[in-house]
Every structure is written in structure tokens, then in C-alpha cells.
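Model the full assembly from the supplied sequences, consistent with the hints where possible.
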Amino acid sequence: MALKEKILDVIEGLHPAAVATVADGLPAVRFMALSGFPDMTFVGGTMKGTHKVAELKKNPHAAISIWSGKEFTDPYVEIKAKGEVHEDLATKKRYWNPMFEQYFKSIDNPDFVVLKFTAEEVTYHEPKKMAQEIWKR
Numbered sequence: 001m002a003l004k005e006k007i008l009d010v011i012e013g014l015h016p017a018a019v020a021t022v023a024d025g026l027p028a029v030r031f032m033a034l035s036g037f038p039d040m041t042f043v044g045g046t047m048k049g050t051h052k053v054a055e056l057k058k059n060p061h062a063a064i065s066i067w068s069g070k071e072f073t074d075p076y077v078e079i080k081a082k083g084e085v086h087e088d089l090a091t092k093k094r095y096w097n098p099m100f101e102q103y104f105k106s107i108d109n110p111d112f113v114v115l116k117f118t119a120e121e122v123t124y125h126e127p128k129k130m131a132q133e134i135w136k137r
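All residue numbers for the sequence shown refer to the numbering used here, where the first residue is 1 and numbers rise by one.
Source of the hints: derived by calculation from the structure; they are not laboratory data.
Errors might be hidden in some of the hints.
What the hints assert, rightly or not - Cβ pair distances, simulated, as ranges:
1) Asn59 to Asp39: 20 to 30 Å
2) Asn59 to Phe31: 34 to 44 Å
3) Lys82 to Leu26: 15 to 25 Å
4) Asp111 to Phe37: 33 to 43 Å
5) Ala131 to Pro16: 17 to 27 Å
No residue lacks a Cβ here, since even glycine has one placed at the ideal position from N, Cα and C.
If you want it as C-alpha cells, here you go:
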């Protein structure tokens, strides 16, 4: 299987992800739900007033880890990405997920924003084989 296909097996769909931004020169990590796409972008929703939004506006560099397996030996990815904050209704509609309703109530919530991360590099880890491969944009 090609590297991109292996990565897509891990990232496609909605997954919990550890997202690290930069706060005062140090990493700040939090979990959020992200959807991965074949173009190696990752999208999630959050509130406009969160620290991660302010941090991404100041410094767009982010690191993301996604593991979608059941066993610790299942594959996972580490992603180096640039993040963008989108407040426009068209982007909100494009990426709205019914799961967001419990957190943001509706797509019209002015505090709801979309975070879009574009991968610059993805490291695919396969613990069973003690192997890793790197995809670069």
C-alpha cells in the first residue's frame, strides 16, 4: 500500500486529535475532534475566544497527532501543519458536522469558528514494524 493510502486509513473521517499550538514560545496541547481529508487538510470546530484561536492567529504553526486504532500497536500519524481560523459562513457550512450541535448549538453561532490545518509533513508510524515513513507536501 502506498504511503498516502496508509496515512488516509488513519486520518479520514472524524477523530480525536492532540493539537499543539505555540503559546509564549512554548507548546500548548489540547484535544479536539478533527476530520482528515485526502488533500492532507484537517478541519475542526471551536469557539472564537479559545486560547488556540488566539495562538494560531499569532503563529500559524501547529503539530497534530492522530491515532485511530484500537491497540497501542496500531498505526498513528504526527503532522506538522499551518493553521487558519475561518469565521465566514460559507466555510462553516462546508465543514459543519451534526456532532458540532451539542457544542456550538448552530452554524449561525457567532462564536463558532472553523480551524483548518494544512499538513506540510506527515510522519506515519507503524509500531508493529518499528517503522516510520514521511510524506511531505
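Taking the hints in turn, this is what the structure says about them:
The hinted range of 20 to 30 Å is satisfied by Asn59 and Asp39, whose Cβ atoms lie roughly 23 Å apart. Between Asn59 and Phe31 the Cβ separation comes to about 20 Å, which falls outside the hinted range of 34 to 44 Å. Checked against the hint of 15 to 25 Å, the pair Lys82 and Leu26 passes, with Cβ atoms roughly 19 Å apart. Under the hint 33 to 43 Å, the C-beta atoms of Asp111 and Phe37, about 25 Å apart, miss the expected range.
Between Ala131 and Pro16 the Cβ separation comes to about 24 Å, which falls inside the hinted range of 17 to 27 Å.
The structure fails to meet hints 2, 4 from the earlier list, while all remaining hints are met.
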